[in-house]
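Residue numbers (the numbering used here), protein chains in the order written: chain Z, 196 to 579; chain A, 57 to 346.
By construction, these hints were calculated from the structure, which means they are not laboratory data.
Any given hint might turn out to be false.
To be verified - Footprint (simulated), chain Z over chain A, 3 or more residues, beta carbon under 8 Å:
#, stretch
1, 202-215
2, 294-302
To be verified - Chain A is nowhere near these chain Z residues, computed Cβ spacing over 10 Å in every case:
#, residue
3, 219
4, 283
5, 309
6, 311
7, 420
8, 421
9, 502
10, 526
11, 535
12, 542
13, 552
Said to hold, decoys possible - Going by beta-carbon spacing under 10 Å, a handful of chain Z positions derived as facing chain A:
#, residue
14, 321
15, 395
16, 499
Virtual Cβ for every residue (Gly too), placed ideally from N, Cα, C.
Chain by chain, the residues run as shown.
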Amino acid sequence: MKKVLTGNYAAAEAAALAGVQVASIYPITPATQIGERLSEMSAEGSFGGRLIRVESEHSAMASLLGAASAGARTFTATSSQGLAYMHEMLHWVSGARLPVVMVDVNRALAAPWNLWSDQSDSLSQRDTGWLQFYCASSQEVLDTVLMAFKISEKTFLPSMVVLDGFTLSHTYEPVDVPDEKAVREFLPPWRPESRLDTGAPAAFGSLAGAKDYIRLRRRMAYDMEQALSVIDDVAKEFERLFGRRYEPLAPYRAWDADTVLVIAGAAAGAAEAAVDELRRDGHRAGSLRLRVFRPFPADALRRMLHGGMRLAVVDRSFSQGSEGTFSQEIKAALYSSSPKPVTTGFVAGLGGGDITVDLLKEIWAEAHNGTVNPAETVWMEDAR
Amino acid sequence: MKTSIPQEELLRSGHQACQGCASTVAMRYALKGLGRRTIIVVPACCWTVISGAAPNSSLDVPLLHAPFASAAATACGVKAGLQARGDEETTVMVWAGDGSTYDIGLQSWSGAAERGEDMLYVCYDNEAYMNTGVQRSGATPMGVWTMTTPDGNRRPKKDLDALLEAHHISYAATASIAYPEDFVRKFAKARAIKGFRFIRVFSPCPPGWKYDPDKTVDLARLAVLTGVFPLYEIEAGAFRLNLAPAKLKPLAEYLAPQGRYKGLDPEALAREQGSVTERWQRLLARKAAS
Ligand code: SF4
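Build the full structure now, drawing on both the sequences and the hints.
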C-alpha cells in the first residue's frame, strides 16, 4: 500500500510491521515522533508490542537488554544527546550479542545546543559493535529497519538505522508499505535458543577472564566481518519479495568518473543532482553513497575506486584532533591500494547547515582541480 | 523443629562472598520465599562477584548482569520480554546494593516504581560501596569511617524508605536475616503481589564494617532491637510494624563491635541515639494511627 510518510513515521511503521514485541521510548527532538506514532498505533491496535515509556535513554536501552535477553524482538529510537547517554548500554548490548534494532535520527551534539542534522552522534558510536546503516529516503528507512531485524537476528549483532534529522525525519515522501503477511514471510518471529529461562537456569554477562574475553571479542569481530555477506543475502531476499535492492555502496555515474563525491545520508540526493549538472557541463563527475558504515565495506570500496580517481569525501562530522570520520575510514581502506585515489576530506553541514547542490559542485571542483591540499581538512562554512 | 521456611535450596553451596557476608544468607532466604520461577537482575555490586565467574553460577535460577545504573530498567525489560512470550508468572527480582539503589541507579528504579512496573526490587544495604573496597554511598550513616570518609561521614543516611513510599508502590518492606521467618514470609508475600514491590535488606559486611565475621547475625539482630533497622511493611498504603520491642536496646550496644564507628565521640553518639529514638517514636505513632 502506498502511504505518504516522513522518515520518522516510516521508522514507526516498520517497527510495527516487523512485529516488535517490546519497544522502549523516550522523547528527543527530532526522533520524538517515532515514539509518538508507536503510542498512537498501540492505542488504535495496529502495534501489538509492549511499549515501555522509560525515564531516560540509558534506561531505554537497558530495558531492551532485559527484553531481548528474555527472547523478545526489540526496538527503540533516539538522537544526539540520547544516543550519547546510551553509550554504555550500546557496548553492553552488542557484547551480550543481542539483536536490538534502533533508529538514530542524526542531530548535532551540545554544547552549544543545536537540534539539527549532523552525523557526529552516530559516527562517534562507531566502536560500540553495532551495525550502522545510513538512509537517504523514507522508503529506505522503512526497508532498512525491516532488513536490520533479519540481519541482526542472523548475526547476533545489534543494528543502528540512521537518518538525517528534519531533512529526512520530517519530510513527507510516498512510501510503498508492504503488507504484513509478506513481511512475516521475510521476517518470521524470533525464537532464540539461548535466553533467560527458569527451566534452564543460566547466568548471562558474568565475569570473564582475559582468556575468554579476547576470544569473545574476536568472535564478534569475525561475525561483524561475516555480516557483509549476511547483509547481501538479506538484501537479495528483500529484493525478491519486495522488488527493491539495496547495496552497501550506492554509486551514481561513478564508473567512468574522474572525481567522485563520497557522501552518506539524505544529502546524497543533492550530490547526484550536482553530478547531473556537472555532467551536463561536460565534466566526468560521479558520486558514491555510503549506505553501510559498520561493518565498513572496504573491499567493495576498493573494487569500485581506482588509482586515477580523485575523491571528495563530504563529512557531516568531525573527529577533533583528526579529521572527518568518513574521510579517516576511506583513507584507511584505500591505504593498501596502489595507486590509490587522491582523497580530500571536506567538512560541511555541521549543526544542520544545508548541503546544497551548489555547495557540492564547489566541493567537487576544488577536489577535481586540486586547488586544495588533500592532507588537510577543508571546512565548508554555511553560506546562509 | 518445624519451620515455615521451605527446604528447597536455590543458592548453591559454592559462592565467592567473604566469610560472614549477610547478603548470601539474604539471597538464600529470598529464594526460599520466591521459589524457582524467579529471574534475577544484578547491577554492579558484590553480587556481581558472589554469583560466580563464567561459566559458573552460584544460583539455581537465571541471572542477568546489568550495568550499575540500570538494574530496574533492565528488569522491566525482562518482565516485558517474558510477557511477550506468554509468561506472566515468573517473578523478576532486582538484587542490588545500596550504591546502585541510593545513588547511581536511583533514576532507573524511580522511573520503574512510578510506572508501577511489575517487579520486586531488593536492596541489600551494607551502607557503602563494598565491592570497590568501602567507599561512602548515600546509604552510609553519620559518623561512619569509610575509605572516602577517613574522618567520619558528615551526613545522615538518606531516607530511602520515605522516598519509595512517595512513589505509591504496591508493597514496601524491610527484612533482616536475624528474623528468617519474617524474612521468607515477606518474599513469599511480595511474590504474590503485582506491581512494583521493594524490600530493603539489612546486610552487615565484616570487612566493610570492621567486625568479626561470626557476629553477622548478632549485629543484624541488634540493629532491629536498637531501632536502627526497624522491621515493617507497607502494603497498599497500610503500615505494619512487624516487631516492636517494649524497650529499645541502647545504640552503643550495636555500635561497639564495629570498627567503622570507632571515631564516634560521646557527643556524636548521643546525637545519633537521639535521632534513632526520634525515628522510632514516629514509627510507634504511625503504628498507633494505623
Ligand atoms: S565486601 Fe561485604 S558485602 Fe561484599 S561480599 Fe564481602 S562481606 Fe559481603
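Which of the listed hints are not met by the structure? Those not satisfied are hints 1, 2, 3, 4, 14 and 16.
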